[in-house]
Structures are given as structure tokens and as C-alpha cells.
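Residue numbers (our numbering), protein chains in the order written: chain C, 11 to 149; chain A, 11 to 149; chain E, 11 to 149.
In case anyone wonders, no lab produced these hints; they're calculated from the structure.
Be aware that one or more of the hints could be misleading.
Any copy, or any two copies together, can satisfy a pair, since identical chains are not distinguished.
[What the hints assert, rightly or not] Okay, derived cross-link-like pairs now, SDA-like style, lysine to any residue, Cα gap no bigger than 20 Å in a straight line: (1) 141 - 121; (2) 141 - 26; (3) 141 - 123; (4) 141 - 45.
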Amino acid sequence: MAVYQDTLTQQTRGRGTHHITTAVEHIVRASGITTGTCHVFQHHTSASLLVTENADPDVRHDLETLIARMAPDGDPAYRHDMEGDDDMAAHARAMLTHNDLTVPVGQGRLILGTWQGLFLWEHRYAAQTRKLTITVQGE
Amino acid sequence: MAVYQDTLTQQTRGRGTHHITTAVEHIVRASGITTGTCHVFQHHTSASLLVTENADPDVRHDLETLIARMAPDGDPAYRHDMEGDDDMAAHARAMLTHNDLTVPVGQGRLILGTWQGLFLWEHRYAAQTRKLTITVQGE
Amino acid sequence: MAVYQDTLTQQTRGRGTHHITTAVEHIVRASGITTGTCHVFQHHTSASLLVTENADPDVRHDLETLIARMAPDGDPAYRHDMEGDDDMAAHARAMLTHNDLTVPVGQGRLILGTWQGLFLWEHRYAAQTRKLTITVQGE
Numbered sequence: 011m012a013v014y015q016d017t018l019t020q021q022t023r024g025r026g027t028h029h030i031t032t033a034v035e036h037i038v039r040a041s042g043i044t045t046g047t048c049h050v051f052q053h054h055t056s057a058s059l060l061v062t063e064n065a066d067p068d069v070r071h072d073l074e075t076l077i078a079r080m081a082p083d084g085d086p087a088y089r090h091d092m093e094g095d096d097d098m099a100a101h102a103r104a105m106l107t108h109n110d111l112t113v114p115v116g117q118g119r120l121i122l123g124t125w126q127g128l129f130l131w132e133h134r135y136a137a138q139t140r141k142l143t144i145t146v147q148g149e
Numbered sequence: 011m012a013v014y015q016d017t018l019t020q021q022t023r024g025r026g027t028h029h030i031t032t033a034v035e036h037i038v039r040a041s042g043i044t045t046g047t048c049h050v051f052q053h054h055t056s057a058s059l060l061v062t063e064n065a066d067p068d069v070r071h072d073l074e075t076l077i078a079r080m081a082p083d084g085d086p087a088y089r090h091d092m093e094g095d096d097d098m099a100a101h102a103r104a105m106l107t108h109n110d111l112t113v114p115v116g117q118g119r120l121i122l123g124t125w126q127g128l129f130l131w132e133h134r135y136a137a138q139t140r141k142l143t144i145t146v147q148g149e
Numbered sequence: 011m012a013v014y015q016d017t018l019t020q021q022t023r024g025r026g027t028h029h030i031t032t033a034v035e036h037i038v039r040a041s042g043i044t045t046g047t048c049h050v051f052q053h054h055t056s057a058s059l060l061v062t063e064n065a066d067p068d069v070r071h072d073l074e075t076l077i078a079r080m081a082p083d084g085d086p087a088y089r090h091d092m093e094g095d096d097d098m099a100a101h102a103r104a105m106l107t108h109n110d111l112t113v114p115v116g117q118g119r120l121i122l123g124t125w126q127g128l129f130l131w132e133h134r135y136a137a138q139t140r141k142l143t144i145t146v147q148g149e
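Here chain C stands alone, though its shape is the one from the complex (with noise of 0.2 Å):
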């Protein structure tokens, strides 16, 4: 059993989902751990993780539209607004959806289905850059 954790650094352009399984992969190749789970974490509250398809850019579309609805930008209850109208909106996109996720590995690779991509998430309407911390384990 060994661990082996690294960072990886997003730059974002702005709200919208961004691919990483790319980016998750190489580290995973890099521990040399062949069966066990990868966890993926990043350090922001206004940013979040998901696991969606890959392949139709309409889904992500669609998932923007729909999590508008429910965490609405410039929503008047809000109260924390010091940042702009998106700033209540992302820490409540990020609720809703995931600040770690953690991905099977076998035979030296991330066990993922057919269709379903990691994405980091941006929240917020300005391009920043995210961090994230990889740690996988195993065998």
C-alpha cells in the first residue's frame, strides 16, 4: 500500500465547466499505484466539482441553466453580495454540488464509465485560478 499525493492548478475562464480528467490521469499514472481510489479535491468556495458526460456539450448547457434557477445570481434575500451577483449564487452552486470527489483506480488508471468526464466548475464570472489537491491510494 503506498500514497502519493500531488497539486494541480487550474486556470479558469470564467463560469462554466472545465475538463480535468486528463489533467487527474497523468497523476494518477505518476503514483504508480495500479488498484485503489484517486481522490480529487479543490480549495475554493465559489468553485466545485462534477462528474457529468463528456461528450455532448448541451449537458453542461443545460446544467448551468437549471442551477441558475435554483441559485439564482443578484437574488434579493441574499445578504453576502459584497463580491457582486455572482458571489452568493457560486458559494451556493458549490453546495449543490461537489468539493471532492473520489474516482476508482485500476490497472494503473482511473475506472470511469463510457461517457462520464471530471469537470471543475467555475462559479464565478471572472477567470481565476483554482487548486487542487490529488491523492491516490492503494496498491
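Since the structure of chain C is provided, determine the placement of chains A and E on it from the hints.
Same frame as chain C, now just chains A and E:
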């Protein structure tokens, strides 16, 4: 420390929750691991995982009612609807719940609260064959 | 590689978020593990876990406002209401947030972003005693 990995196949009966605690527990016992974690991952973008009450089935009925409001079938705003009214709704329901869960293992068993059960949630109308990977780690 | 497991008991003051970062950090230090992961699991179906901003309490106030819209107390559609208006709402709020979280451990501490805190979210009106199991794995 050891790692033990196995797969689980669940035939679903269409939209609704399927109780998987017992099947996961069997894998934990087979692992021989007494203290650690059990990671459950499902490999589809239109199904998800949930820990919720395993007693009154009305709880899961009411969760269906609420998630159908948040991720409506056949919403006119959807661009992604190739496979029918439940196609995009299924991806959205998956986003709002969980693609993977980890449960602690103690004394060779899942450590769950009295009322907690593990469920695979099918979000498509039609019955499907769903695959899961279970990874037990510990000593 | 080693595994270290301990329990945490949190008395809640009724609905609202309770900061647990420090209590979890104590268990990480007691584990002696310097690199790996810390898994936090709560054993109830009417409470949940959340990583969110630990600075301005208005963030958690606004999250309460939004989740109350998505999972209303005493909704006329609920079948499950034996324990009152907050009974089914609590299960639904738990579904939309997280039953378990994993945080990376580095240099013997939780690796959290500057603004990230760990919270136990009580969803029932009344104060409760909530149990958590913490499992630290690594080397």
C-alpha cells in the same frame, strides 16, 4: 493495510431507488478488512447514489417529488433531449445527488446509522443495467 | 500506510450549521498520519455535511434561505410527515448536500483552502446529538 476491489451489477426497474446496502456489505466481508473505508462508485451519468432513510418508503417517494421539481422532465429550456423527456432530467438529478459515496468500515462491517441505507437511484424511465465499482481500503 | 479511526459527537442547537473543522483536525493530529486523506461521515438521515466559507456567517444564512426554497418545510405534497413540518424537509436537505466528505491530509494537517470550513448541518428544528466517524488513512 490492504485494498480490495470488486464490481457490482444492478438491474434497475426504471426510475426509482434500489437498495444496495446488503450487496455492498457482502463485498466488505469478502475483503477481510476490519477497519477502514468502503468506496462506492457508479459508472453512469443518468443514475446516482444516495444515503437516506431505509425504513418508510414514503421518504424516497417524497424525494422523487422534490427532485422532479428541481430537474423537470421535458423542460422547454433543455437543448439536450435526444433520448426523450427523461434524458436531460436524469443528468441533472445525478448532478444534485452523488456519483460516489464512502462509508467507514469498523469490525469488518459498514458503519451506518440505524436508519441509513445505501441506494442506487435510477433516473431513466426504462430499466437499465448499472455497474458499480466497490473499493475497500484499510487493515 | 496506516488507518486511524475515531468518533466525534456533536450536540446541535437545532437547525443550522455547526463548525467542526477544529474537532476533525484534532483527530488528524492524533492519528500521526502526515500524508493521505481524512474521511468524515455522519450517521443520520436528517443532518448533513458541508464545506463552505468560514468567514462571513451571512453565507450560511443565505444557504439556509435557498435550501428552504428547494426543500420547503411542511410542503403539502409530502406523504412523510410523522415527526412534523421539518421531518421530510430534513431528509431532502440532506439529499441535496453531503453525507460524507473527504479532505486531503498533508504535513499532518487537513489541507483546506483559506476560506474553507467543515460544517455539520442540523436540519431538524430541535437540538440533537449527532454522531460522526472520522477515518484517517495514509502514511
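We went through each hint and held it up to the structure:
no.: 1; hint: 141 - 121; in the structure: between (23 Å within a copy, 11 Å between copies)
no.: 2; hint: 141 - 26; in the structure: within (16 Å within a copy, 29 Å between copies)
no.: 3; hint: 141 - 123; in the structure: between (25 Å within a copy, 9 Å between copies)
no.: 4; hint: 141 - 45; in the structure: between (25 Å within a copy, 18 Å between copies)
Of the hints listed earlier, there is not a single one the structure fails to meet.
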